[in-house]
Amino acid sequence: MLFSYRVLIYSYFTMRRVCTVTLVIILLFVFLISCSKDSAADSAIAETSPSSVRMAVAVDPDGLDPQMSASASTFQVTSNIYETLVTVDENGNIVPCLAESWIIADDGLSMTFTLRKDAMFSDGDACDADAVASSFMRLISPSSARSQDYSFISSVDVIDEFTIRFMFSRLDVTALARFAYPWSAVVDAAHADSLRTKPVGSGPYMLSSWTPQQKLILEKNPYYTGKCSIDRIEFVIMSDMTSAVTAMKNGLLDIILITGDLAELFEGDDDFTIHALPTNGLQLMAMNNKSKGLDDIRVRMAINHAVDKKALIEAVWWGYGEPIGSHFPVVLSEYIDMNGRYPYDPDKARELLAEAGYGEGDLHLRMFLPKNYQEYVNAGQVIADMLRSVGIDVDIQIVEWATWLSDIYNGRDYDLTVVGHTGRLDSYSLLSRYRSDASENYFNYADDEMDDLLDEYIVEPDADKRTEIAHRMEEILAEDVPALYIQDPIQIYVTDSSLDGFRTYPINIFRMDLLEYKQEPDL
Amino acid sequence: MGKYIAKRLLSSLAVMAIVSLVAFAALELIPGNAALVAAGTEGSSSSVASLSAEFGLDRGFGERLLLYYRNFLSFDFGISSYFGESVSTLIGQRLGVTFSLAFFSILIAFIFSVALGSAAALGKGKFLDIFSRTVVQLFSSMPSFWLSLIFLIIFSSMLHLVDVGDYVSPSVSITGYISSIILPVIVLAIGETGPLLRLVRASMLRVKNEDWYRIGKVRGIPRIRLITAYALRYALPGPLTLAGSELAKLLGGTAIVESIFALPGLGRLFLTAVEMRDIPLVGGIVIFVSFLVVLMNLLTDLALFFSNPAMRKAGGMGL
Numbered sequence: 001m002l003f004s005y006r007v008l009i010y011s012y013f014t015m016r017r018v019c020t021v022t023l024v025i026i027l028l029f030v031f032l033i034s035c036s037k038d039s040a041a042d043s044a045i046a047e048t049s050p051s052s053v054r055m056a057v058a059v060d061p062d063g064l065d066p067q068m069s070a071s072a073s074t075f076q077v078t079s080n081i082y083e084t085l086v087t088v089d090e091n092g093n094i095v096p097c098l099a100e101s102w103i104i105a106d107d108g109l110s111m112t113f114t115l116r117k118d119a120m121f122s123d124g125d126a127c128d129a130d131a132v133a134s135s136f137m138r139l140i141s142p143s144s145a146r147s148q149d150y151s152f153i154s155s156v157d158v159i160d161e162f163t164i165r166f167m168f169s170r171l172d173v174t175a176l177a178r179f180a181y182p183w184s185a186v187v188d189a190a191h192a193d194s195l196r197t198k199p200v201g202s203g204p205y206m207l208s209s210w211t212p213q214q215k216l217i218l219e220k221n222p223y224y225t226g227k228c229s230i231d232r233i234e235f236v237i238m239s240d241m242t243s244a245v246t247a248m249k250n251g252l253l254d255i256i257l258i259t260g261d262l263a264e265l266f267e268g269d270d271d272f273t274i275h276a277l278p279t280n281g282l283q284l285m286a287m288n289n290k291s292k293g294l295d296d297i298r299v300r301m302a303i304n305h306a307v308d309k310k311a312l313i314e315a316v317w318w319g320y321g322e323p324i325g326s327h328f329p330v331v332l333s334e335y336i337d338m339n340g341r342y343p344y345d346p347d348k349a350r351e352l353l354a355e356a357g358y359g360e361g362d363l364h365l366r367m368f369l370p371k372n373y374q375e376y377v378n379a380g381q382v383i384a385d386m387l388r389s390v391g392i393d394v395d396i397q398i399v400e401w402a403t404w405l406s407d408i409y410n411g412r413d414y415d416l417t418v419v420g421h422t423g424r425l426d427s428y429s430l431l432s433r434y435r436s437d438a439s440e441n442y443f444n445y446a447d448d449e450m451d452d453l454l455d456e457y458i459v460e461p462d463a464d465k466r467t468e469i470a471h472r473m474e475e476i477l478a479e480d481v482p483a484l485y486i487q488d489p490i491q492i493y494v495t496d497s498s499l500d501g502f503r504t505y506p507i508n509i510f511r512m513d514l515l516e517y518k519q520e521p522d523l
Numbered sequence: 001m002g003k004y005i006a007k008r009l010l011s012s013l014a015v016m017a018i019v020s021l022v023a024f025a026a027l028e029l030i031p032g033n034a035a036l037v038a039a040g041t042e043g044s045s046s047s048v049a050s051l052s053a054e055f056g057l058d059r060g061f062g063e064r065l066l067l068y069y070r071n072f073l074s075f076d077f078g079i080s081s082y083f084g085e086s087v088s089t090l091i092g093q094r095l096g097v098t099f100s101l102a103f104f105s106i107l108i109a110f111i112f113s114v115a116l117g118s119a120a121a122l123g124k125g126k127f128l129d130i131f132s133r134t135v136v137q138l139f140s141s142m143p144s145f146w147l148s149l150i151f152l153i154i155f156s157s158m159l160h161l162v163d164v165g166d167y168v169s170p171s172v173s174i175t176g177y178i179s180s181i182i183l184p185v186i187v188l189a190i191g192e193t194g195p196l197l198r199l200v201r202a203s204m205l206r207v208k209n210e211d212w213y214r215i216g217k218v219r220g221i222p223r224i225r226l227i228t229a230y231a232l233r234y235a236l237p238g239p240l241t242l243a244g245s246e247l248a249k250l251l252g253g254t255a256i257v258e259s260i261f262a263l264p265g266l267g268r269l270f271l272t273a274v275e276m277r278d279i280p281l282v283g284g285i286v287i288f289v290s291f292l293v294v295l296m297n298l299l300t301d302l303a304l305f306f307s308n309p310a311m312r313k314a315g316g317m318g319l
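Line order of the protein sequences matches chains A and B.
Each residue of the first sequence is one higher than the one before, counting from 1 in our numbering.
Each residue of the second sequence is one higher than the one before, counting from 1 in our numbering.
None of these hints come from the bench; they were simulated from the model.
Note that the coordinates shown come from a computational prediction; the quantities given were computed from them, not determined experimentally.
Don't take each hint at face value.
[To be verified] Derived CB-CB ranges, DEER-like:
| no. | chain 1 | residue 1 | chain 2 | residue 2 | range |
| --- | --- | --- | --- | --- | --- |
| 1 | B | Arg-206 | A | Asp-407 | 40 to 46 Å |
| 2 | A | Lys-371 | B | Ile-111 | 46 to 52 Å |
| 3 | B | Ile-30 | A | Ala-126 | 45 to 51 Å |
| 4 | A | Ala-126 | B | Ile-150 | 39 to 45 Å |
| 5 | B | Ile-150 | A | Met-137 | 37 to 43 Å |
| 6 | A | Ser-429 | B | Ile-30 | 30 to 36 Å |
| 7 | B | Leu-13 | A | Ser-497 | 45 to 51 Å |
| 8 | A | Ala-354 | B | Ile-30 | 38 to 44 Å |
| 9 | B | Ile-30 | A | Ser-333 | 41 to 47 Å |
| 10 | A | Ser-497 | B | Ile-150 | 26 to 32 Å |
| 11 | B | Ala-25 | A | Ile-398 | 20 to 26 Å |
| 12 | B | Ser-11 | A | Ala-126 | 28 to 34 Å |
| 13 | B | Arg-70 | A | Ala-263 | 30 to 36 Å |
[Said to hold, decoys possible] In silico DMTMM-like links for lysine to aspartate or glutamate, alpha-carbon gap of 25 Å or less:
| no. | chain 1 | residue 1 | chain 2 | residue 2 |
| --- | --- | --- | --- | --- |
| 14 | A | Lys-371 | B | Glu-28 |
| 15 | A | Lys-518 | A | Asp-128 |
| 16 | A | Lys-198 | B | Asp-76 |
| 17 | A | Lys-198 | A | Asp-295 |
| 18 | A | Lys-518 | A | Glu-322 |
| 19 | A | Lys-371 | B | Asp-76 |
| 20 | A | Lys-249 | B | Asp-163 |
| 21 | A | Lys-292 | A | Asp-362 |
| 22 | A | Lys-198 | B | Glu-54 |
Glycine included, every Cβ here is placed at the ideal spot set by N, Cα and C.
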């Protein structure tokens, strides 16, 4: 060992030996690297078979156990590995998935599902009523992260091999939709402890390999009998948008999600198709309804009058977004347009502030922006400028996401913050965070009528009456403005133009099994 | 000598213990924890409690600290709370990328600096001196994220010479491996060349003024031999030490460059671990990197020890 150092150092100083030694070191090094533990992912060197799809994603899933996660990046992968009892089409209608049919009892207090007979987990185990029951027992157990969402289920009964019945302890008209959300996916409970890294589900794909921050590869589930034309899906984790766009342009990717400013790079190019699709989601500037100043509705109204949403959406999202006036995405059927309630009117804003007793510069507000979401930081800065121009003093602080979650979202120590929310299939799940006692009510909003309407909605069997209640709730929020509702975002996906069947859904699912190539792609 | 190495390794154990304690305490003190991050804004109130239990965050501070150190002692760094994967697997997957980037960029920077730096010193004030200093100064004052993006646009987007977003292990394809790391290696090498080149040039200038150098010249020792056999040998310990500590720094991760070139390196992993309050992963990386730094410093000292006859004869470094 020591001797070799001596040789190494001495030989530095004769040019010929320098070269040899360097070469030997490099070779040794490359050899070591090759021997070092590498995941199966490297076998993936661009052997782009006709039926493989590569999609860039910005962040990794946080494990692959859908019942343990709340993040969109996880569901985008797990919705291809697992199946839910029912699922949704692109318009939000409930359609069969693992269950081919279902019956809701007249009193709404039980639901019976008939399962598909050929469903099997990717390890070859049958995905029958027993398996579904074990999966749901795991979901509703007290230690589950979703136990509260499914607390209305009182028992799960296996009727026969392919029939399962859920008994409810109280009426919940949104119950069916709750069997479609990706976190209710049926998992193989026999592998419960290892699902985060070794997922086992009955969906069209199974995990082939996952190297965090590099690549996650799915391959066809050999036991899946449904239609599924793409053999292999690669999620390439690329946190930088420039590299993703470069890779897409060079033909190394088939699907990417881009920001509005980059759309023109792909416009007019026959190799790509641009999909600008409205999402079931919304972005808002939350206000702390209990903090000084903001507890006065006139101040909240003034803030709404002071912000030019069109200009804001143009500046931050390059115009890709649909302005909203209430906590309700445009794509949902119960949506009503509330944009006219407090239109952009800076003079009116100044008047309202004066009425509330705040002259020029009297009102000081702290705005906290989550660093990890550049669009929210940008939006906050634009809004702050607009608020300053009507005489509100805004102090911006940019905080890290975990800090934001702890101090702002859960700690509610803030005045203003900009963030986004994903949509739900029904108005109750979407708006229940405005219940005065809800733990997710970081607005500190409290309104008796709102609480009552939420209670009514969930037990109202008549769909038309439910729509009426939803409209009223939208009106209340548009009136009381516990937040500044900005927009329903439009997401822009670019896909390889030979790829067919690309769709987005009103919940966080991504259906790779429905993709197919129009013809043989160029190799 | 053996005693010296043993002493160094022992003190490094203490360093690692302290550094990992600081990392643990820092994550405890800053707001937010792994359960809050996992529950996000779309989970329900039951999520945070059950996720805390799942990640072991419901235990007391002391108990968790004990568990944290027990894991290290058993060489089991635990399970990452964010990825759900074992920490040692995650670190293992990153060694290839991290070592490649650090090693090759320092190697290139060192060779380049020694060649150009001595040439510049020997021809002080002449064209090569001014030219090399200007160009190197220019390049090394460019921020690495900007340089990375420019390289990406020129070499990948416009010229289609290399592909981004696919780290290829050399065991799969040597050309693929080179193509996947060449741009980041060059970006990092450019950043390292600036200080190294200046140091080499300064040391060589000092050598030029030494009496023995002039005598050598007068005695007619061939110029090449005078430089390679005597001057460089005298001038290099400084730059070598710097290269060693820079190598250690790069081994600790190059998060920005890794992110831009979509390489799964240690720096990017560490950044995510901190953002997600992933205590087991942060602890594992801190221990691993501090071990590497200690090791690199030790190796640099040994290299100096053997390259300097004066030190060697004296038993070296006051041991």
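Status of each hint after checking the structure:
no.: 1; hint: B:Arg-206 x A:Asp-407: 40 to 46 Å; result: violated, 55 Å
no.: 2; hint: A:Lys-371 x B:Ile-111: 46 to 52 Å; result: violated, 39 Å
no.: 3; hint: B:Ile-30 x A:Ala-126: 45 to 51 Å; result: holds, 48 Å
no.: 4; hint: A:Ala-126 x B:Ile-150: 39 to 45 Å; result: violated, 56 Å
no.: 5; hint: B:Ile-150 x A:Met-137: 37 to 43 Å; result: violated, 56 Å
no.: 6; hint: A:Ser-429 x B:Ile-30: 30 to 36 Å; result: holds, 32 Å
no.: 7; hint: B:Leu-13 x A:Ser-497: 45 to 51 Å; result: violated, 59 Å
no.: 8; hint: A:Ala-354 x B:Ile-30: 38 to 44 Å; result: holds, 41 Å
no.: 9; hint: B:Ile-30 x A:Ser-333: 41 to 47 Å; result: holds, 43 Å
no.: 10; hint: A:Ser-497 x B:Ile-150: 26 to 32 Å; result: holds, 29 Å
no.: 11; hint: B:Ala-25 x A:Ile-398: 20 to 26 Å; result: holds, 24 Å
no.: 12; hint: B:Ser-11 x A:Ala-126: 28 to 34 Å; result: violated, 60 Å
no.: 13; hint: B:Arg-70 x A:Ala-263: 30 to 36 Å; result: violated, 53 Å
no.: 14; hint: A:Lys-371 x B:Glu-28; result: holds, 20 Å
no.: 15; hint: A:Lys-518 x A:Asp-128; result: violated, 35 Å
no.: 16; hint: A:Lys-198 x B:Asp-76; result: holds, 20 Å
no.: 17; hint: A:Lys-198 x A:Asp-295; result: violated, 49 Å
no.: 18; hint: A:Lys-518 x A:Glu-322; result: violated, 32 Å
no.: 19; hint: A:Lys-371 x B:Asp-76; result: violated, 33 Å
no.: 20; hint: A:Lys-249 x B:Asp-163; result: holds, 11 Å
no.: 21; hint: A:Lys-292 x A:Asp-362; result: holds, 12 Å
no.: 22; hint: A:Lys-198 x B:Glu-54; result: holds, 17 Å
Comparing the model with each numbered hint stated earlier shows that hints 1, 2, 4, 5, 7, 12, 13, 15, 17, 18, 19 do not hold.
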